[in-house]
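Chains as they are written, first to last, in numbering that gives the first Met the number 0: chain A, 0 to 806; chain B, 0 to 350.
Treat the hints with care, since some could be wrong.
In silico DSSO-like pairs for lysine-lysine, Cα to Cα no more than 30 Å straight-line [as the list claims (entries may be wrong)]:
id, chain 1, residue 1, chain 2, residue 2
1, B, Lys-198, A, Lys-583
2, A, Lys-526, B, Lys-169
3, A, Lys-583, B, Lys-165
4, A, Lys-741, A, Lys-698
5, B, Lys-198, A, Lys-403
Just so you know, the hints here were simulated from the structure itself, not pulled from any lab data.
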Amino acid sequence: MKFTISWLEKFLDLKGVKIETIVKSLTNLGLEVESISLPSPRLEQFIVAEVLERTKHPNADKLSVCSVNDGKNTLNIVCGAPNVRAGLKIALARIGDVIPAGNMKIERRKIRGVESEGMICSSSELGLGDDSGGILELDNSLKVGGRFVDECPWAYDTVIDISVTPNRADCLSIYGIARDLAVYGIGKLKPLPKIKTEIASCSNPIAVKVDHKSACPLFIGRYFQGLDNNAKQTPSWLKASLASIGEKSISPIVDITNYINYSFGRPLHAFDADKIEGGLHVRLAKKGEELLSLSEDKISLEEQDIIIADDRKVCALAGIIGGENSKCTSETRNIFLEAAVFDPILIAKTGQRTMINSNAKYRFERGVDFDFTVNGIEIATEMIKDLCGGKSSEITIIGNAISKKKNITFDLGLVLELGGVYILREKAEEILKGLGFELQQIDDDRLEVVVPPWRNDITIPEDLVEEVLRINGYDKIPTIPIPTNMAINAAPIPQKNTLDLRARTTLAALGFDEMITWSFMSSKIAKKLGLLDESPVLTNPISADLDVLRASLVPNLLSCICKSNARSFFDLSIFEIGDVFENKNSSQTKMLCAIRSGQFSEENIFKDSRPIDFFDLKGDAITLLDTVFNINPEMVRFSSSKDLPSWYHPAKSALVSIGGKILLGYIGELHPFVMKAMDVRKPTVAFELFMQEIPCQPKVKSYGFSDYQVVSRDFAFVVEKNIVASELIKAIKPISDHALIKDAHIFDLFSGPALGEDKKSIAIRVTFQAADHSLTEKEISGITNQITKAVQIKTGGVLREIYEQNN
Amino acid sequence: MTSRISLDIAVLKRELEILTTIPDVEVKKAKYLGRSGIITQEFQKLGKLSGEEKKSFGAELNKVKLEVADLIDTRLCALETAKLNSELQAEKIDVTLPPRERKLGTIHPLSYVFEEMVGILANMGFGIESGPEIETDYYNFTALNIPEHHPARQSHDTFYLRSETKDKKKLLLRTHTSNGQIRVMERSNPPFKFISPGKVYRCDYDATHSPMFQQIEGLYIDRDINMGHLRGCLFELLQNFFVGTKIDIRFRPSFFPFTEPSAEVDISLDGGKKWLEILGCGMVHPNVLKNVNIDPKKYQGFAFGAGVERFAMLKYKIDDLRCFYENDIRWIKQNGFRFFDVPRLIDRVNT
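Work out the full structure: start from the sequences and follow the hints.
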């Protein structure tokens, strides 16, 4: 909501109050100042002068020569404006002055042979609006020789833009802002000009009918006859005031309705009475009806829309926007002026559907001052008659012009109870009275409070507490440490709340960069990856390529890789922790996804350059599960499966589980078709983990360290090619002396014609140690025999030397 | 007859210094300490001596032997080291060649700030509760005292889903994390003191609005919690978060349908010249309490909601909101946190 200081001063005596004080106070009142635009100091040079005489320029048809009194001297000025005339008060730029528009410096010079000693300014030259049709005509009462900025404060105005919260409809009016400031101690509220009740000078030929009292509880109308609605009739101050808050001057009638709307938050609508066929009918629209609005949008009406129609057509979308077919133009002579109250919810619904955001709609959906409706039309009537002349009828009122009073029983103790600040009863009462609340004492503690009709937002005692606190100043609320209520504070935080951070830290240490991608993705990509059925669809996406919710973290992370590839970054390690969504139950699951793409190490002098592979990510996953969740790496099982998402390479991927029982996630190289679909150029391997499925084990702390000799033995077993490495390890583990085995790890693989096509050799190094003695050679050979036997039984594996002897 | 060893250590020292090869020193060693070396021969003389003399000569001889051995070994060692060093020169590397790469990753600044804030609040005694991101109209709006056509909804441009609940209710993406507060209050009894952090969504995208952003909302309901406590709580949060920076904090009236009275909190980092909006808060509206069957006559308390992006931008001087979600690897590397820059982990974790 924009307003100017001079406009505010119409309602508030601001003598001696600094702009900064006003600005600070507005914010403290909850009317947050968004911007301030100060007037141009360059206007200070101009003065008010009077045209004494106008004569035709001897050498030019369109120019005139004026003698102008600047209060001291009479100057000779050549002027090209058609509206310049003797007796007119004007804004004068003297020699040496600089015109704000175009930075033109006024010099003494001859124009077509006649010397000119200054310039008579137009609004646009002064930067006060786009009225370049002629010079700016000033009010005749102004003092000749006075500074323009002093005589015309509306021209030298500070514009303040405040953000009004949805509850404060009363401050969608400059008078309402003035009232708040006055109660806060800034300026003195001026009494409203006495509202005259017009005596009818003509009759109203337009009958009005209202169908639904709930949709339109009050409708007031007045007929005007014989008006002059030529744009010229709008005075400079009104044009300038509207211009400064960004409202275009249209015609006197429209300008006046806008003025009343901004001044008092009272929307009005003027119909060109001659365009109304028959009477006006306020009703709900019928399906199929249409309206071409003032802004020339065709609106298809629906049954919940309140409309104002005549006998033949829809003339306005009530409380929102007028129709092209009945709008006022400069030719309009007779009007029907409407001031009404419409149901806020119906207005809001129609507003949302039609996406029209008019000043009227904005106020009606927030709630207008019901009781001000008559005043609004009376103030407008006075202005219309002043500016446009003509006659006016009696007002037509349908409904009760005075609303039902709302009462709240208010216990003043609530201010301290909720606000934490003690405010004297007298002070609280003074605040409420100043805001327009009527108070009646019930007893020592309680008041019966009558809510003023402009405060539709006040319905409960808590609302009154806010009013008292607000005017008293939020800065007076004390700062009290929150209670140390042990019962609440001592509740432990579940460990799951720290797992994300631990995972992030671990992955960052492993070289991964964290990404946070949208929860949205493109349905096209979802389709390519076979995710479309699982992805929840948005009805109103922000853009076509963010139209579904992600069912996996993989696609958006691949998009990050693709984007980086396009910038020539190919070696990437990235991860994300976030929720993925599932369409069927509209549910969400927290996932972790880590991806490496490109080279593990770049080509280098050490000749160890190689691309990322499955085993890099396998190592990352195991480290993560071990570090973050305390899951013993030996418990993590990687098993090939057909049950993996489609984006994994079918032969280079695995399910990750704990012992095959608890599924933790997936790991694998990306399928070439996905690489192509997502335009990822380098080898890429990913793992995904279901964060909520991973059991977090307590960390095993007591571990007996043995100081006895560690012994290791290497075995090479020849097995069938289809035997996977983990089976060998699994075979070794349960042997009877397994407690002595500290570690068993595979260190070499071999296959070749020497072994036969269907065979391979796996070399394992097994480490032994006892807790309480050094192992004897006998013990060691006992274990190695057990190992050899167990491997043979479980996998068919034979020690390589024996195999080679036999083959 | 007393035999005394006639051996000048100083001479030996000089002799050794002249020798520059290991074989030469070995020769010298044999000459003194070898089987027929000078000192060995002296030892053989011991047998011929008796009593006191044998004892004193023996001791003297031993001392000399040790001294000689030490001198020769020292020299030998020096020569060996010199030889080895000269041989090692052949293995000289170019130390200016590039190193083997060590790649460390980064934590996203938003995650970092999120954890900072959660950590501070958790250590102030707030529990942590999360709620679903896909939500019904009731939990996101109605229960929070935002009726369907309230103008306040216009500031919550909501994403809707095509699918519905089983009982045909519209589904949407939550526009704030308050839905989680309602769900917790519905299923348990006051007092309540917890935060609900997480992602929220609004259908708006420009320089100052992101369609997805992160929020941390706090709730404290008990018998006598008032706005003074709200101030106290937020001062503690803000002072801990901006630790080391002098900040001024301002409360001003505002409006949220779910709080009454409501306030907006601004902070200033330049002594009050420029104020920056940082969060919204207020006393929980009695209608919200009634909606979760809490008697507003018995219980009251405050709620606040903070945007993680805003906190991150102010503390770490990030100018453009959009950078957080662009995932430009160059920006991430520059603005991300290192793994050891871990915000203080919550102290009250149940392990």
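Taking the hints in turn, this is what the structure says about them:
Note on Lys-198 (chain B) and Lys-583 (chain A): the hinted pairing holds, with a Cα-Cα distance of about 21 Å set against a maximum of 30 Å. Under the criterion of a C-alpha separation no larger than 30 Å, the hint pairing Lys-526 (chain A) with Lys-169 (chain B) is consistent with the structure, at around 24 Å. Proximity of Lys-583 (chain A) to Lys-165 (chain B) is assessed by CA-CA distance (about 10 Å); at most 30 Å being required, the pair is judged to hold. For the hint pairing Lys-741 (chain A) with Lys-698 (chain A), the CA-to-CA distance comes to about 19 Å; that is within 30 Å, so the pair holds.
Among the hinted pairs, Lys-198 (chain B) with Lys-403 (chain A) is inconsistent with the structure: their alpha-carbon atoms are about 44 Å apart, more than 30 Å.
When each numbered hint is compared with the structure, a violation occurs for hint 5 only.
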